[in-house]
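> From first to last, the protein sequence lines stand for chains A and B. Count along the first sequence from 1, then add 5; that gives the number in my numbering. Count along the second sequence from 1, then add 5; that gives the number in my numbering.
Hints listed in this document are in silico derivations from the structure and should not be mistaken for laboratory results. Possibly wrong hints are sitting among the right ones.
Heads up, the list lumps identical chains together, so a pair's fine if it works in one copy or across two of them.
As the list claims (entries may be wrong) - In the BS3-like style, the derived pairs of lysine-lysine whose C-alpha atoms are separated by at most 27 Å in a straight line are:
| id | residue 1 | residue 2 |
| --- | --- | --- |
| 1 | K339 | K186 |
| 2 | K148 | K58 |
| 3 | K567 | K465 |
| 4 | K611 | K567 |
| 5 | K305 | K91 |
| 6 | K58 | K339 |
| 7 | K305 | K479 |
| 8 | K571 | K465 |
| 9 | K366 | K148 |
| 10 | K479 | K101 |
There are 2 protein chains.
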Amino acid sequence: MLLRLGLGLWLVSAGPGIHADEGMWLFNDPPKKLLKQRYGFDVTDAWMEHVQKSSVRFNSGGSGEVVSEDGLIMSNHHVGADALQKLSDKDHDYLKNGFHARTLAEEKQAKDLELNILMSIEDVTARVNAAVKPGLSDEAAFKARRAVIAGIEKESQDKTGLRSDVVTLYQGGLYHLYRFKRYTDVRLVFAPEQQIAFYGGDPDNFEYPRFDLDISFFRAYENGKPAKFQHYLKWGRGTAENDLVFVSGHPGRTSRLLTMDELVYVRDYRLPKTLGRLHRLEVLLTAYSGRSQENARRAKDELFGVQNSRKANQGRIEGLLDPAVMATKAANEKKLRDAVAASAEFEQARDAWDRIAAAQKVIADNARVFNLIEAGTAFNSDLFGIARTLLRAAEERPKPNGERLREFSDSGRESLELQLFSDKPIYNDLEELQLADSLTYLAEELGVTNSLAQQILAGKSPRDRAAQLINGTKVHDVAFRKRLYEGGAAAVTAARDPMIELARVVDGEARALRKIMETQGEAKQQAHAKIAKPRFALEGTRNYPDATFTLRLAYGTVKGYKEGGKSIPAHTTFAGLYERAAEQQYRPPFDLPKIWLDRKRRLDLKTPFNFVSTADIIGGNSGSPVIDRGGELVGIIFDGNIQSLVLDFIYTDEVARAVSVDTRGILEALRKVYDAKNVVTELNIGKRAQ
Amino acid sequence: MLLRLGLGLWLVSAGPGIHADEGMWLFNDPPKKLLKQRYGFDVTDAWMEHVQKSSVRFNSGGSGEVVSEDGLIMSNHHVGADALQKLSDKDHDYLKNGFHARTLAEEKQAKDLELNILMSIEDVTARVNAAVKPGLSDEAAFKARRAVIAGIEKESQDKTGLRSDVVTLYQGGLYHLYRFKRYTDVRLVFAPEQQIAFYGGDPDNFEYPRFDLDISFFRAYENGKPAKFQHYLKWGRGTAENDLVFVSGHPGRTSRLLTMDELVYVRDYRLPKTLGRLHRLEVLLTAYSGRSQENARRAKDELFGVQNSRKANQGRIEGLLDPAVMATKAANEKKLRDAVAASAEFEQARDAWDRIAAAQKVIADNARVFNLIEAGTAFNSDLFGIARTLLRAAEERPKPNGERLREFSDSGRESLELQLFSDKPIYNDLEELQLADSLTYLAEELGVTNSLAQQILAGKSPRDRAAQLINGTKVHDVAFRKRLYEGGAAAVTAARDPMIELARVVDGEARALRKIMETQGEAKQQAHAKIAKPRFALEGTRNYPDATFTLRLAYGTVKGYKEGGKSIPAHTTFAGLYERAAEQQYRPPFDLPKIWLDRKRRLDLKTPFNFVSTADIIGGNSGSPVIDRGGELVGIIFDGNIQSLVLDFIYTDEVARAVSVDTRGILEALRKVYDAKNVVTELNIGKRAQ
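Could you build all of it, start to finish, from the sequences and the hints given here?
Here it is in structure tokens:
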């Protein structure tokens, strides 16, 4: 699943410049010429606005689309899973068993789910760069940049009432101000069983052919009523092989513009470390889940996320360990560097690669401890996260807006509080297990005799220390959190909460490391900005920035591919689903929900279920609408095939494919399997039936 | 399960010297006085000989016992699992479904399974030490020691025809010559379904109460007929709470005599590295198994082994990260060092700890590459192992016996050839997956640009290189192996087999690293020998050596314990099994084989099924007989509880327990569930019915 995608195996792209259906394009700079040339398609401003304002970002890490004027929003099941997990308890497992509200009254309010719709984009590069005077040290430059960005965001929010984020593009080449309408009253309308949403489980994840009903429906509310939307996507009539399609969503992160030094760091340090932790967590959560059904329920969404990341990152490291991939990247970089060296015009950029290498070296030297105590791999606990937020909020909030840690800026306050005061369930047994394991990881990484490790462990074994912290803290209690948040530093100190005090023990060093990382990030950003200029000059508008979890437009064609000499058609059908189950003898995760067995006869088995296209997508695109020329919805992205994992890093359309659920399959299932008449009607007429 | 046990969590033992039911005693030095004092039991030589010659060692890593004069041998299911796996194919899954031969003709010959029975022990310490002249360098001392040991073994084998191994005890304090009768024609008689043998799977592994029928029966043959045994254990009448019991088996390894420097290395380096690899392998094999039922079958025994090791090593590291455990070990060491410092008599031992520390430092510096290319973590492939054995056999066999790598000595030749020419199934898809993963691990550990890594990968990605090697090698073919083995170096070189050539590429460095490790091992051994003297003097016969996978006698009482304020009785029953299944709603691994559901009514549900005792055991003890005062068989060891994982390291009988299957439960199941009349009769009368 795309939630957290990565790099991969197969490589065909050569040289820089735009290749085939490559590109995650900015909405204020769509590839009009390319689309006209390649597909004879005219991108109008009206078309762009309609698609933009029908596209939704989920703060739980995915995308979605508005599908009725009454605020009905579709996304993937695995994007909605976070909300489903938080709404479930011992007696109601909506994640596993699904959910269906037949009336507004039955719709269930999600916990701490925030949806954003992009309303406008403004280029603020000049203003940001003007504030960062030449000759400043990297540290001073970072501070100046932070301050001007916080100021722009605050000013915009005050003026428009919209969530305002300054977004860094081209690794620092451009700064754009994105304004979003926020929805925080979001209610669950419909979700199928996870068994069919994630049919084939981990074994079939990132594979194709595929048979997943990976969808869920939510509704955005305002003032206690369904929100009204001017723009929404009409339910389309589906696709045929070779159709042009568009994907409008929020790719999370790509690494296509990284320099070789940065890529080597990713290959040699970041990915192996990440995979080591994921393996460890997968084993921990699997063992925990094996002990009882209730354990399995509690850990379900997190375990899914870990397995999904593991498979994606496995693909990424395999890509970077392929000498052919690295050779292509190196050749591309050399070409650009040679051009820079050859022209006086680009003189300023000549030292940029070395500066990035130098900064990357400092980052590498500090990454281990930074990851442990600031990124938090030593404290794998929701309660620790809450405790630290309380501690830091007390210190940060009295500061001027522009001097705070980014997550405490005025423009982010509402989103922060939504998370901090969420009453999502927290399970002490699971918290204790994860904290004990991550404290063990800390002891292994630092050495148990390291003085910081000793301060953290306080003379106890990791297991005993975790038990003491989880049982001793009061931050479970939302009222307690509110009291401390409002009471500020004095209240936080007076509480003497053991988890908050643990956060305090590491806070000095954690902040110092964060400062180093931010300063080096600033240095890299300035160097990348210098590289961006010759790249723009040489490649012109044939370029687009790396993904940043902001709205992008991709395009491609519906198209099968060959694997191991076998042709894989673009579409699968319900018939294929039942064949797959039979071939695997219905053993989990290839078993089917009973209702799917009972109602098989009702279904038209030839109905298209999933399909693939060449659109350029990556993790974060999950739930993105797939749209036809007419702007109608024909599918919803939910995965890439294994061969697409390389897209993090370099585009290819030979065998890399985006995988979608077909709108025809969705409708057939809603009608014939789930009798979800209210949803079907709303999709068909674009509003709630009266 | 005990196959590969480790260190653990709970600690109560204080100070050196023998505590309660502590001890894995040598058969030529049993704790007669202790047993007399504590239990009023007289250990006679006849009793010892009877138990010794009824005890069996499995080369697949466990213990067993002779239970009829016609060579019927019982062990655990998880010890027999290796043989069951190798006998299975796509259409016959004996590991999963069990096996029952009702006649001799139906018994199935196991592949490369060797059983050993200890016939005699001889102290050769003086002879070994005499050959290692004072003043030799560590390297020369190692060579001298290797030569004298190989000579003693060869001489003994030639004289007696018995397998002859010189065993290092007390980390070098003593050398004993063990002579074993070997059985290599071993046939499978009976095994239950893995579902009931390993009931509760990974979640219940190392837990108690427990409900596992962890048994299998084999028969030793000689000259194509059942071998005749003078000594075998009579089927006993079971145990009651507080009964004295003995365990006679082969504990694999303990670390109780390690110095603090060695323990710190285990804690800070060996265990974290080992666990990292186990997590990685567990995820790899689980994902592979998920893809089809046949995959699951192929990987089953290996995945079990990995999960089992992971849980055991997790316990070990938790033990070593417990400051109380380390404080106890440190205090014990200090006491001994103080005694040594205080007495002129022990002057020679004074620098022993520092010498061990120095050797340990060199070992630590070389461990990473050694583990990769000599211990083979970079080449996780049976085919690689075979290829390397062929390469090295060609180089080693022409050398004088005393100068060869240990595994090629004359006395080990038959055992080596049994393995090398085994026609056990090897699955190319699994081989390729594991080799690609381990080559990736190599690239991560060394860095892909490291020159050795580049030689190994030969310009390919780990995945492509693995495919090339597995598809290119011919060592699958047993006839090819024999041809190369007989043909020597010329034939091996002429074959130009890619896997053998890979082994050759690393062989120079691998051998050099092995030499360093062996030399440092020698240095440590000499230093430990010096420590052994004051320890013997101070602690007298109240001591026993660390486990070495040689026969040991342990003793203890059948005894429940308290956990979390709850009393856990010593015995479980069949009734408890059915209750556990119901409580877990029969979901795997808590489901029951159909025959156990169908025949529930036949069973006397009050029959004791599993029980615990305080006997001092560790991994390798799996399958050990539990014997009563009369020398009758009352149970078979199959596990330790979680609290016993600490036993690797320090003894405790507060809550640490050995877990056994009760002979009464075994008989009831064989009779009522399996209708295994032939086995039941043989157990009851001590020979085959005519």
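> Which constraints among the numbered hints does this structure fail? Numbers only, ascending.
Hints 1, 2, 6 and 10 contradicted; others consistent.
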